[in-house]
Amino acid sequence: MPRCVSTQRMDPVFDRLEATIRARRDAPADTSYTASLFAKGRPKIAQKLGEEAVETVIAACSGDEASIVPEAADLMFHLAVLLADAGLSLDDVRAELERREGVGGLVEKAGRTG
1 MPRCVSTQRM DPVFDRLEAT IRARRDAPAD TSYTASLFAK GRPKIAQKLG
51 EEAVETVIAA CSGDEASIVP EAADLMFHLA VLLADAGLSL DDVRAELERR
101 EGVGGLVEKA GRTG
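Numbering-wise, my numbering puts 33 at position 33 of the sequence shown, and it's gapless, one number per residue.
It is possible that some hints are incorrect.
[What the hints assert, rightly or not] Label-pair ranges, simulated between beta-carbon atoms:
| hint | residue 1 | residue 2 | range |
| --- | --- | --- | --- |
| 1 | G104 | A27 | 37 to 45 Å |
| 2 | T20 | G50 | 21 to 29 Å |
| 3 | A46 | A23 | 17 to 25 Å |
Hints are computed from structural coordinates only; laboratory data are not their basis. Computed from a predicted structure; not experimentally measured. Heads up, the beta-carbon is just placed ideally off N, CA and C, and yes, glycines get one too.
Model the full assembly from the supplied sequences, consistent with the hints where possible.
Pasting the structure below:
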């Protein structure tokens, strides 16, 4: 199956996504899915993130290649909403990944506290 590979960085897409999430945060919950998530609170946002993670895993494990990317997009959207609810952003995640660059996974994991 041919793959669609973009040579553009995803940052502009994520920037626009986060701007949309911020703009819709205070919109009426009955007019915006994003606003309705914020209105329901962090536990509901986290639940939706978990559901999307499971759907992504199911698509991957079942070999449903056509569903992996759409499910991953849903997962990223709900992650961005959860981060926004916590006052964080995808840039914070990017910074953490950059901090970990060049550090082996086992070494990084051993250095975690808690």
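Hints, verified against the model:
no.: 1; hint: G104 <-> A27: 37 to 45 Å; in the structure: 44 Å, holds
no.: 2; hint: T20 <-> G50: 21 to 29 Å; in the structure: 22 Å, holds
no.: 3; hint: A46 <-> A23: 17 to 25 Å; in the structure: 22 Å, holds
The structure fails none of the hints (numbered hints given earlier).
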